[in-house]
Amino acid sequence: NAGVTQTPKFQVLKTGQSMTLQCAQDMNHEYMSWYRQDPGMGLRLIHYSVGAGITDQGEVPNGYNVSRSTTEDFPLRLLSAAPSQTSVYFCASRTALKEKLFFGSGTQLSVL
Amino acid sequence: GESVGLHLPTLSVQEGDNSIINCAYSNSASDYFIWYKQESGKGPQFIIDIRSNMDKRQGQRVTVLLNKTVKHLSLQIAATQPGDSAVYFCAEKGAGTASKLTFGTGTRLQVTL
Numbered sequence: 001n002a003g004v005t006q007t008p009k010f011q012v013l014k015t016g017q018s019m020t021l022q023c024a025q026d027m028n029h030e031y032m033s034w035y036r037q038d039p040g041m042g043l044r045l046i047h048y049s050v051g052a053g054i055t056d057q058g059e060v061p062n063g064y065n066v067s068r069s070t071t072e073d074f075p076l077r078l079l080s081a082a083p084s085q086t087s088v089y090f091c092a093s094r095t096a097l098k099e100k101l102f103f104g105s106g107t108q109l110s111v112l
Numbered sequence: 113g114e115s116v117g118l119h120l121p122t123l124s125v126q127e128g129d130n131s132i133i134n135c136a137y138s139n140s141a142s143d144y145f146i147w148y149k150q151e152s153g154k155g156p157q158f159i160i161d162i163r164s165n166m167d168k169r170q171g172q173r174v175t176v177l178l179n180k181t182v183k184h185l186s187l188q189i190a191a192t193q194p195g196d197s198a199v200y201f202c203a204e205k206g207a208g209t210a211s212k213l214t215f216g217t218g219t220r221l222q223v224t225l
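Protein chains in written order, with this note's numbering: chain A, 1 to 112; chain B, 113 to 225.
If you're looking for bench data, these hints aren't it; they were derived computationally from the structure.
Here are the simulated BS3-like cross-link-like pairs (lysine-lysine), alpha carbons at most 27 angstroms apart as the crow flies:
#1 B:LYS154 / A:LYS98
#2 B:LYS180 / A:LYS100
#3 B:LYS183 / A:LYS98
#4 B:LYS180 / A:LYS98
Facing chain B, from chain A, some residues (calculated, C-beta under 7 angstroms):
#5 PHE90
#6 LYS100
#7 PHE103
#8 GLY104
#9 GLY106
Label pairs and their in silico Cβ distance ranges:
#10 B:SER152 / A:THR20: 21 to 27 angstroms
#11 A:ASP38 / B:VAL182: 26 to 32 angstroms
#12 B:GLN172 / A:GLY3: 18 to 24 angstroms
In this text, a Cβ means the ideal position worked out from N, Cα and C, and glycines have one as well.
So that you can see chain A by itself, here it is in the shape it has in the complex (with noise of 0.2 angstroms):
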């Protein structure tokens, strides 16, 4: 297996571009969800999924936009990229039962 996928693992943006951030797995999970991860900070939870069609805000949803539209995929967009928004984004899914998220290798953004 596979696990839990993200693409791409880098990228540049100058303000004010827009981009997606992809985000597959394939263990049939029910849950998924977007962090981010700042020097200093533990993860913080941006959005997240209990199921497709069914989304929800966490801690830090503003800028961000998601869409489940099917089991595996998990997208995260950025409309309007701002400095404020230069971090590393995970992506974590697990099932509906168990508490333990299985992370992605991450995608390191810096928004110039």
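Using the hints, position chain B against chain A.
Coordinates of chain B only, in the frame set by chain A:
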């Protein structure tokens, strides 16, 4: 709000020695705790977890201890190896399906030869 924190940013341990990484939590209602290992440039990897109805849980070379009285969690790594060098962080979750994992900031473990 409640938060989870780690006491030390860096822990240096000699190869072969045991490592102890500590975590303090403040939410007395937390009922689930988990440790992750994160190597440079990689995503967090699950190490071990424990529920609040347990005090200790052992895995392969790792042991997690939970002291609910003082709200303290620790990860013990036996016979530390160079491959154990990474950032380790804990997370806690309150009771209920609506509760989410809250992550600590991490401790860097450096294994010296």
